[in-house]
Amino acid sequence: MPLLPRDLPARLRHDGYVGVGHEPQSGVLQLRVMSVQKIQCYIPAADEVLISIRSHGARAARVPDGWVDILFLAFDDTGALAAPVAAARGMTPSDATAVLRFVRRNRQRRRLVIQCEAGVSRSRSLASAVAQVLQLPYRWTVLNDDVFDLVCREAALAAPR
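Numbering (the numbering used here), first residue to last: 2 to 162.
Calculated from the structure, these hints are not laboratory results.
This list has only true hints and no planted wrong ones.
With a Cα cut of at most 20 angstroms, we get these calculated DMTMM-like pairs of lysine to aspartate or glutamate:
| no. | residue 1 | residue 2 |
| --- | --- | --- |
| 1 | 39 | 66 |
| 2 | 39 | 118 |
| 3 | 39 | 70 |
| 4 | 39 | 16 |
| 5 | 39 | 49 |
Using C-beta positions, here's what the derived DEER-type ranges look like:
| no. | residue 1 | residue 2 | range |
| --- | --- | --- | --- |
| 6 | 61 | 89 | 14 to 24 angstroms |
| 7 | 59 | 21 | 32 to 42 angstroms |
| 8 | 95 | 7 | 29 to 39 angstroms |
| 9 | 7 | 66 | 36 to 46 angstroms |
| 10 | 75 | 157 | 16 to 26 angstroms |
| 11 | 14 | 81 | 15 to 25 angstroms |
| 12 | 20 | 89 | 33 to 43 angstroms |
| 13 | 66 | 160 | 31 to 41 angstroms |
| 14 | 23 | 63 | 25 to 35 angstroms |
| 15 | 67 | 87 | 36 to 46 angstroms |
Positions of the beta carbon are idealized from the N, C-alpha and C atoms, including for glycine.
When you get a sec, could you build the whole thing from the sequences and use the hints?
In structure tokens:
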């Protein structure tokens, strides 16, 4: 397993809302990133949607009821800090397109929660791509360049010319 950078906890502490003043309660899609452990005891407020990511071959996370919409995805963590997995299958262009459709369909919701196993690599990288594509006032550390680059590339391809 690769060694995690010593400064990773400090870098992750700076993730989240970076707008002016307090995080808005309406009008701007709020982003949250969680682990599978945290999502299992999270109670969604009204008007929240979820993207739940699992590895190939893993069971989907048990998620509580109450979400307006849920997108379940299965792809392995392929980032530089991920543990090497034989025959790992990363995010595909169709996964990225599904994410973009889901996010655009739910753009007016109160909050988008993105969950993966540890709530660190895939989910943070996906949140970072969503924030960039939608120009939201959030910063997330990109630990899986494959996820970030693919979502941004698919968004650029889908953009009107």
